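**Q** Listed here are the chains, written in short residue letters.
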Amino acid sequence: MRLFLLIFSLLTTSVQAQAPGQDVEILARGKEAIYKAEFNITGTSINGFLAVQHKRNDVLHVQFTSPMGNNLLEIEWKRGKWKKIYATKKLSGKLIFNMMTEDILLLFAHYQYDNDFEDFGDEWKWNKKTLLPVFESEKLTSVKIIGRRHHPSKTVKYKLGEDCIDELSIDHQGFPFSITLEPLKKLQNTDDTD
Amino acid sequence: MSSIKGDISQEKSFAFLTEKLVSTGVFLYQKESKLRWEFKEPIQYIILINENSMRLKEQGEEKRYKGMNQILRQVKEIILGCIDGSIMTNTNYKTAFFTDGKSIRIQLQPKEKNLKEFIQQIDVEFIKQGSILKKVTLTDPSEDRTEIHFSNIQSNQKIDAALFADF
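Read top to bottom, the protein sequences are chains C and E.
Convert by adding 108 to the 1-based position in the first sequence; the result is the number in the working numbering.
Convert by adding 25 to the 1-based position in the second sequence; the result is the number in the working numbering.
No lab work stands behind these hints, which were simulated from the structure alone.
On a predicted model such as this, the values are computed, not experimentally measured, just so you know.
Please note: incorrect hints may appear among the correct ones.
Pairs of lysine-lysine residues, derived as DSS-like cross-links and limited to a Cα-Cα distance of at most 30 Å, are as follows [stated by the list, open to error]:
no., chain 1, residue 1, chain 2, residue 2
1, E, Lys30, E, Lys159
2, C, Lys192, E, Lys136
3, E, Lys136, C, Lys267
4, E, Lys82, E, Lys153
5, E, Lys88, C, Lys265
6, C, Lys191, E, Lys159
7, C, Lys293, E, Lys136
Residues from chain E that face chain C, not an exhaustive set, calculated with beta carbons under 8 Å [said to hold, decoys possible]:
no., residue
8, Asp32
9, Ser34
10, Gln35
11, Lys37
12, Phe41
13, Leu42
14, Leu46
15, Glu63
16, Phe64
17, Glu83
18, Thr124
19, Leu163
20, Thr164
21, Ser167
22, Phe192
C-beta atoms are modelled at their ideal positions from N, C-alpha and C, and glycine is treated no differently.
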């Protein structure tokens, strides 16, 4: 009986584990964008720019620079892992780095391209977390992320403009950490990069 | 030259992006060691250097954080050094000079390990006639380049001292 239940649950999981049917494209495949960025880390805010490229093979290349143009962080998400290309001391501590990199995947809803992602309709599962999406007119407007017991939750919010996202943000509950991004250009779905 | 002021246009190229990041603003310099470096778009960002005092304002908020002075000291050394020419005699850099007749380019490579992690090379370009600062190119260790173009340069004009004292 137990074996049957296990097979059944595996079957249902594999059937349901698919990309979400509604519109959750934040930065589509082959697109790039530069965002005004504000990182709030334990009471200190760091302003700068976040340059992001979503390659066709779902590699996510991210770079955070200061307003003076110098590189503060450069990372690449490839085959389910982050590769640290460069990080300043302030951003390279394990706790901050892990939190920040996971938040970037959450902000860009990049988890949906991960093998670990499961779609159960009103509820998604990813990285041992429960994600509760909210849609308005079939557009994703927020995702509440609930971690394991005793782990604080966080919320991603998308401020929708005309045909684009005007602002995306992630805020941790019970921990002073947040990221706010504002695209410098309204994202057009015309130019491609590989 | 007792003072210089002008417009700045900073263009950051990312090795993996086709799009470039352009920031624009103004700069004011008063001899000795007084600088106001102000980006107005797309982020409001002001660096004030007045002799030994250094202040930073981002998006309307004055910043004070650990390590800020070290960053500003490097900014002071590089920017002020390019404007007043002191970077050419700075022993922290290995220098090389190039000219094509119309302009002079000075290539600077930091010698110190701390600075090498932050910047790989600085290229300062002057128009030969009048020694007017034209362009500064900063190359990151990741090979990304930031070009700062100077325009509408005016020298020896009176600049309100308050602009160096407060935001």
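**Q** With reference to the structure, classify each hint as holding or not holding.
**A** Do the hints match the structure? See the list:
At roughly 13 Å between alpha-carbon atoms, lysine 30 of chain E and lysine 159 of chain E fall within 30 Å of each other, so this suggested pair holds. Of the pairs offered as hints, the one joining lysine 192 of chain C and lysine 136 of chain E holds, with about 25 Å between alpha carbons and a cut-off of 30 Å not exceeded. About 47 Å separates the Cα atoms of lysine 136 of chain E and lysine 267 of chain C, which puts this hinted pair outside 30 Å; it is violated. Straight-line distance between C-alpha atoms of lysine 82 of chain E and lysine 153 of chain E comes to about 34 Å, which puts the hinted pair past the 30 Å bound.
The suggested pairing of lysine 88 of chain E with lysine 265 of chain C holds, with an alpha-carbon distance near 26 Å, which does not exceed 30 Å. This hinted pair does not check out: lysine 191 of chain C and lysine 159 of chain E have alpha carbons roughly 38 Å apart, beyond 30 Å. For a cut-off of 30 Å, the pair hint linking lysine 293 of chain C to lysine 136 of chain E is broken: about 39 Å separates their Cα positions. Interface hint status for aspartate 32 of chain E: violated, as the beta-carbon distance to the closest one in chain C is roughly 16 Å, over 8 Å.
Hint status for serine 34 of chain E: violated, given a least beta-carbon distance of 12 Å to chain C, over 8 Å. Annotation: glutamine 35 of chain E was flagged as interfacial toward chain C, and the flag holds, the nearest CB pair being 6 Å apart, inside 8 Å. The interface hint given for lysine 37 of chain E is met, as the beta carbon of that residue sits about 4 Å from the closest beta carbon of chain C, less than 8 Å. Nearest Cβ of chain C to the Cβ of phenylalanine 41 of chain E: about 5 Å, under the 8 Å cut. The hint holds.
Because the beta carbon of leucine 42 of chain E sits about 5 Å from the nearest beta carbon in chain C, less than 8 Å, this interface hint is met. Taken as an interface hint, leucine 46 of chain E checks out: its beta carbon lies about 5 Å from the nearest beta carbon of chain C, inside 8 Å. About 11 Å separates the beta-carbon of glutamate 63 of chain E from the nearest beta-carbon of chain C, more than 8 Å, and the hint is not met. Interface restraint check for phenylalanine 64 of chain E: the shortest CB-CB distance to chain C comes to about 6 Å, inside 8 Å, so the restraint holds.
Hint status for glutamate 83 of chain E relative to chain C: holds, with the closest Cβ pair at about 4 Å, below 8 Å. Hint status for threonine 124 of chain E relative to chain C: violated, with the closest Cβ pair at about 26 Å, above 8 Å. Because the beta carbon of leucine 163 of chain E sits about 7 Å from the nearest beta carbon in chain C, less than 8 Å, this interface hint is met. Taking 8 Å as the C-beta contact cut-off toward chain C, the hint placing threonine 164 of chain E at the interface is violated, the least distance being around 11 Å.
Annotation: serine 167 of chain E was flagged as interfacial toward chain C, and the flag holds, the nearest CB pair being 6 Å apart, inside 8 Å. The interface hint given for phenylalanine 192 of chain E is broken, as the beta carbon of that residue sits about 15 Å from the closest beta carbon of chain C, more than 8 Å.
Going through the hint list in order, the structure does not satisfy hints 3, 4, 6, 7, 8, 9, 15, 18, 20, 22.
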